[in-house]
Amino acid sequence: MSTTWIDIAALDDVPQRGARLVKTAHGCVAVFRTGTDDIYALDNACPHKDGPLAEGIVHGASVTCPLHNWVISLVTGAVQGPDEGQVATYPARVEDGRILLDVAFLRTRAVA
Amino acid sequence: MAKQRLVVIGAGMASGRVLEHLFEADPDAYDVTLFNAEPRGNYNRIMLSPVLSGEKTYEEIVTHDDDWYAQKNVTCRFGEQVVKIDRDMKVVEGENGHVPYDKLLIATGSAPFIIPVPGKDLPGVISYRDLDDTNAMIDACAKGGSAVVIGGGLLGLEAAAGLAMRGMSVTVLHLMGHLMDRQLDPAAGYLLRKDLEGRGITVKTQASTKAIIGDDKVEAVVLEDGETLPADLVVMAVGIRPETRLANDARIEVNRGIDVNAQMQTSDPDIFAVGECLEFDGMLFGLVAPLYDQAKVVASGLLDDPGVFVPKELSTKLKVTGCDLFSAGDFEDGEGREDIVFRDPARGVYRRLVIEDDTLIGAVMYGDTADSNWFFGLIRDKTDIADMRDTLIFGPAFQGGAASDPLSAVAALPRDAEICGCNGICKGQIEDAIAGGATDLGAIKATTKASASCGTCTGLVEQVLAVSLGDDFVIPAAASICACTDMTHDDVRRMIKSQKLTSMPAVWQECGWKTSCGCHVCRPALNFYLLADWPLDYKDDPQSRFINERKHANIQKDGTFSVVPRMWGGITTPNELRAIADAADKFMVPTVKVTGGQRIDLLGVKGEDLPAIWDDLNKAGMVSGHAYSKGLRTVKTCVGTDHCRFGTQDSTGLGIKLEKTLWGSWTPHKLKLAVSGCPRNCAEATCKDIGVICVDSGYQISIGGAAGMDVRETELLLQVASEDEAIAVIKAVTQLYRENAKYLDRIYKWMAKVGLDWISEQIEDLDNRTALVERFELSQSIYRKDPWAEHVAKAETYQPVADLTLEAAE
Chain A
25 MSTTWIDIAA LDDVPQRGAR LVKTAHGCVA VFRTGTDDIY ALDNACPHKD
75 GPLAEGIVHG ASVTCPLHNW VISLVTGAVQ GPDEGQVATY PARVEDGRIL
125 LDVAFLRTRA VA
Chain B
3 MAKQRLVVIG AGMASGRVLE HLFEADPDAY DVTLFNAEPR GNYNRIMLSP
53 VLSGEKTYEE IVTHDDDWYA QKNVTCRFGE QVVKIDRDMK VVEGENGHVP
103 YDKLLIATGS APFIIPVPGK DLPGVISYRD LDDTNAMIDA CAKGGSAVVI
153 GGGLLGLEAA AGLAMRGMSV TVLHLMGHLM DRQLDPAAGY LLRKDLEGRG
203 ITVKTQASTK AIIGDDKVEA VVLEDGETLP ADLVVMAVGI RPETRLANDA
253 RIEVNRGIDV NAQMQTSDPD IFAVGECLEF DGMLFGLVAP LYDQAKVVAS
303 GLLDDPGVFV PKELSTKLKV TGCDLFSAGD FEDGEGREDI VFRDPARGVY
353 RRLVIEDDTL IGAVMYGDTA DSNWFFGLIR DKTDIADMRD TLIFGPAFQG
403 GAASDPLSAV AALPRDAEIC GCNGICKGQI EDAIAGGATD LGAIKATTKA
453 SASCGTCTGL VEQVLAVSLG DDFVIPAAAS ICACTDMTHD DVRRMIKSQK
503 LTSMPAVWQE CGWKTSCGCH VCRPALNFYL LADWPLDYKD DPQSRFINER
553 KHANIQKDGT FSVVPRMWGG ITTPNELRAI ADAADKFMVP TVKVTGGQRI
603 DLLGVKGEDL PAIWDDLNKA GMVSGHAYSK GLRTVKTCVG TDHCRFGTQD
653 STGLGIKLEK TLWGSWTPHK LKLAVSGCPR NCAEATCKDI GVICVDSGYQ
703 ISIGGAAGMD VRETELLLQV ASEDEAIAVI KAVTQLYREN AKYLDRIYKW
753 MAKVGLDWIS EQIEDLDNRT ALVERFELSQ SIYRKDPWAE HVAKAETYQP
803 VADLTLEAAE
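Each protein sequence line maps, in turn, to chains A and B.
The opening position of the first sequence corresponds to residue 25 in our numbering, with each subsequent residue numbered one higher.
The opening position of the second sequence corresponds to residue 3 in our numbering, with each subsequent residue numbered one higher.
Keep in mind that the hints are not guaranteed to be accurate.
[Said to hold, decoys possible] Facing chain A, from chain B, some residues (calculated, C-beta under 7 Å): (1) Cys519; (2) Gly520; (3) Asp805.
[Said to hold, decoys possible] Computed spacing ranges between beta-carbons, pair by pair: (4) Met178/B <-> Arg117/A: 16 to 22 Å; (5) Gly426/B <-> Gly109/A: 48 to 54 Å; (6) Val118/A <-> Glu315/B: 16 to 22 Å; (7) Val713/B <-> Pro106/A: 30 to 36 Å; (8) Thr28/A <-> Ile48/B: 40 to 46 Å; (9) Arg117/A <-> Thr517/B: 22 to 28 Å; (10) Gly109/A <-> Ala213/B: 34 to 40 Å; (11) Val118/A <-> Asp67/B: 54 to 60 Å; (12) Arg117/A <-> Glu315/B: 17 to 23 Å.
Hints listed in this document are in silico derivations from the structure and should not be mistaken for laboratory results.
For each residue, glycine too, the CB sits at the ideal point set by N, CA and C.
Please work from the sequences and hints to get the whole structure.
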C-alpha cells in the first residue's frame, strides 16, 4: 500500500519529552516527541492494564506508563525489562517543523 | 575557438573555489566577469570571527587579491549590485552597465534572517554576515558598553565571544532550551554555556525578543517576559536564508533556495548556482565542505565534463578559542540505535556516540575534541565498529582502556567545595584530616565534624576517603538513585548545593550521569531537588513530573482523573458546595466522595474536561487542593474555641492560616498537617506529618506522624506560646525538610535518618529559624499560586492535537 502522509500538527504543539493524542475512528493514537525531537506514534494503551501512555514520562526513546511504571520502547513498541508485551506503532515523521502521520496506515488499524 | 564569456554573481568562498578549479583545468576557456556587491573580492568568510575577536586581521583572511584577478584576467565589478538577469538576451545588468554571458554562475550566498520585531531597523542593530558588519561591531566595541546578541547558534556565539574579547558586556538570547540546539544535545549545550559564562558572557535561554527600543539609536532589548536589557549594540544572528531574489526575478525555479540538479545546473542549463543560495534534493548548505564539493562540480560542468554532487556527512566546530566542541552525523534517538555516553566531570568532558547496525552514525563531543576527526572518519566511512564497541568511546589511542571511574565527580571537586553543609566543612579540610591520620568515617567525624550532624553527606565523605586512600578504603555499598548514576540521593543533593548546579543538564554532567537524559526514576527527584534548592534559578520542568503533578489531578485506573478543590482548614460555604454540585452535574462526575482531609473529591473526570471544570470552580473562588502533589495537601482542623466547649485556642483559624501560607509548596513527599483545639485531638494531629495540639499555654508542635503503609505517632518538636511562633516553626521545619530529605521520604523517614535532636537544634536556633523561614518565603514567592488558573489559560493542550475520525472513516 502506498503511504499517504498528512499534516497533523506543528512539532512544537507536542512538548519535548512529552506526548499529545490524535483522535482516530478506532481510538486514540499517542504522538510522542523525544528530547532530541524525534516523533513516534503508538497506541495509547499499555499492554498491562491499558494505561494511557501519552501521560507517561518520556526518557531517551522510551516512555514509562503512568499506572504501574512499565517501560515501553517508543521505537519498537516493545515492553522493556522484566515485563513483556507489545504496543502497536505507526509511521510518523517530521518535515519542516510539522508532524506527519500515515493515514492509510492508521486506517488499516480497523482491519488489523 | 573564441573564448566563452562567464559571468559570476557574488565573490564568496564557493565562487572563489570555482574560479580556482576552472583556471587550473583550463586557463583559457573563459573570459570571466566577477560581480560583488561588497566593495572587495574573495575572502575567507568563516574567518570573520577571529577578525572580530582581534585574533586575525582582514588582510590575513583575503583568499584572492588584486594581483590574482589581474593575472587571471578577471574583470572585477566590485561594489556594484546586479540589477537583473535577462535570460532571453543572455545579459547580466549591473548598476554600471550590461555584461553578456554564455554561462552564468549565481553565487549570491545567503541573507541574514531578521526577526520582525519593533525596532529592528534602529541604528545599532546589525546582522553578522560580512566584513562591513564585522567592522561595524569592532567600531561599536571601541565605545564600550553592553551588547545583546539575539541567537545562540554558531554565528551568534562566535559574535558574542568576539565582542566579549573586545571588552563589551555581552548577553546572548536564545529562543530554545539550550545553546546551539541544532548541533548539540542539552548536555553539551550545558557545558558550552558554562564555558561562555566563565568568560563573563550572560546566557539567557528560552528568551523570546519582544521589541528593540530606542529613540534615534538602539537603547535596550525587551523580552516577552517583560525583562529589559540595556544595549548599545544588538547583533541579530538568528539564522540565514538563501539569497534568491535575482533568480526569482529571472523566473528560474526556486524553492527555499535556487533549485539545482546534481550538476549544479538551475532550470536554465546555461545558468549554474553554487553555495548557500541553492537547494539540492531538498537540502540547503551552510558549511564550507559541501560548498567546495559543489565548486568542483560547477568547474567541471563549465568545461563540459559534468560531475555529480553527492552531499556528505557534515560536522560542526565552533570557532571560539577555548570552547572545544564537535558534532557530526545524526545523534537523535531512533530505531535500533544505541547511545554510548561518557562524562568526565573532572575535565568538563562529555562524549556521546550513537551507534546503529555496528556503525557509528553520530557523535557529540565537548571539552576534548582531539579525537573528533577519527570519530568523523568512522561516521563518514561507515566503518564496522563491532570489534571495538566496548572501548570505542575512549577514542583511537585508548582501545582496550578501563571503564569510567565512579569517583571522578568527587575527585573533580575543588578543595573549597563544601561537603558538610551542617558544619561548613570543605573537601580540603577532610583531605587534611585524612593526611593527618583520620582514615575512616568515625575518625573524620571526630576530627572535622563532617557528616556528624544530619549525616546526609556521609556518602560524599566516604568518597573523599576513597579518592584519597585508594584501595585502603572500601566504601560501604549505598543504593544509587537509579541505573543512570552511581550516586545516592544524598550525594546528588550535596552536589547540587555545593557546586550550585541549577539545571538538569548540569547535574547530569557534573555527577557523571550514564544516560543522555535520565529516566522516570531520577528526573522527578532531580526536578524537586533543583526547584527546592534554587527556586529563582531553576524553572520547574513539567515533563519530568509524574502525570498527577503535570496535569494537577490524580489519574485513576481507567485513565480518568479526580478533581479536589481546596477547602481551607476544612471550612466551606453553601456557595462553594453549590458550585461543586453544579460542576459535578455539568461534567457528569460519576462519584462524589468526602475525603479524609476534610474536602470533596470529584472522581472520574475526563482528561479533556479538566480545564473546563477547573474554570468553573475557579469562578466560584476555589483553587487546586493539590490532592495529587508531593507537597502540602491539607490542614485538618477541629472547630476549636469557635464552637467547642473544650477548645483552648482557635484551631480552625490557625489551620486556615497555615494552609494559606503553605499551599503550593513542593516537598519531598506529601505533607499533611492537622490542628487540634485541645488534647482530645479530634483532628487526629498526632498521626500527621506535622501536628499541632492546642493547650491553654500555647501550641505543641510535633512531627513525624504517619497513617499509611506505616503508622507512627508524632514526636514533640517544640511548644510555643503564640500563633505567630507556631506558624514560623512550622514553616522552618517544612523548609528544613525540603532542603535535606531524600525525594519520596515522608518526614518520619527523614527524621529516622537525621534524628529529632538535630532537627530541634536547627529550629530552636532563632537565627537559623528566621533564615529557614526566609528561604521558604522566597520559594513560595514563585510557587504559592493556583496551578489550575494557569492551566485554564492553556486549555488547548488538554485536547487531542488532531482529530482524524473523519479522515479515517473515508
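Hints, verified against the model:
1. Hint status for Cys519/B relative to chain A: holds, with the closest Cβ pair at about 5 Å, below 7 Å.
2. Annotation: Gly520/B was flagged as interfacial toward chain A, and the flag holds, the nearest CB pair being 6 Å apart, inside 7 Å.
3. Checking Asp805/B against chain A by beta carbon gives a least distance of about 4 Å; that is within 7 Å, so the hint holds.
4. One distance hint, 16 to 22 Å for the beta-carbon pair Met178/B and Arg117/A, holds here, with the actual separation near 21 Å.
5. About 52 Å separates the C-beta atoms of Gly426/B and Gly109/A, a value consistent with the hinted range of 48 to 54 Å.
6. For Val118/A and Glu315/B, the Cβ-Cβ distance of about 20 Å falls inside the hinted range of 16 to 22 Å, so the restraint holds.
7. Distance hint check for Val713/B and Pro106/A: the Cβ-Cβ separation is about 32 Å, which falls inside the suggested range of 30 to 36 Å.
8. For Thr28/A and Ile48/B, the hinted distance range of 40 to 46 Å is satisfied, since their beta carbons lie about 43 Å from each other.
9. Checked against the hint of 22 to 28 Å, the C-beta distance between Arg117/A and Thr517/B comes to roughly 25 Å, which is consistent with it.
10. Range check, Gly109/A to Ala213/B: about 53 Å between beta-carbon atoms, so the 34 to 40 Å window is missed.
11. About 46 Å separates the C-beta atoms of Val118/A and Asp67/B, a value inconsistent with the hinted range of 54 to 60 Å.
12. Evaluation of the 17 to 23 Å hint for Arg117/A and Glu315/B yields a pass: the beta carbon distance comes to about 20 Å.
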